[in-house]
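Given the sequences, and given the hints that come with them, work out the whole structure.
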Amino acid sequence: MSGEAEQRILVAHMPGNSRLCNGCRAWWALLTPYPCWQAGWATSRQARSMTAALLGGHA
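Numbering (my numbering), first residue to last: 408 to 466.
To be clear, the hints were calculated from the coordinates, so they are not data collected in a lab. Computed from a predicted model, the values in this text were never measured in an experiment. It is possible that part of the hints are untrue.
[What the hints assert, rightly or not] Ranges between beta-carbon positions, derived for each pair: (1) 460 with 424: 31 to 39 angstroms; (2) 436 with 460: 36 to 44 angstroms; (3) 448 with 426: 15 to 23 angstroms; (4) 425 with 464: 38 to 46 angstroms; (5) 462 with 436: 28 to 36 angstroms; (6) 411 with 458: 32 to 40 angstroms; (7) 424 with 451: 34 to 42 angstroms; (8) 424 with 464: 33 to 41 angstroms; (9) 415 with 440: 17 to 25 angstroms.
Where is the CB? At the ideal position from N, CA and C, for every residue including glycine.
Put into structure tokens, the structure is as follows:
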């Protein structure tokens, strides 16, 4: 997946006022605490990509 996919996930899966994931509530009617597994996955992928870029590698 590209960095664009991670960005789309993070835009949709934001914390709401109730500290639950808005994306999970809207799409699957799940009361999932933020960060949900989608947001966790996307942020870890972004961190890996940034670290690899900093060290001169590719993620």
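Exercise for review: Any hints from earlier that this structure breaks? Give me their numbers in increasing order, please.
Suggested key: 5, 6, 7
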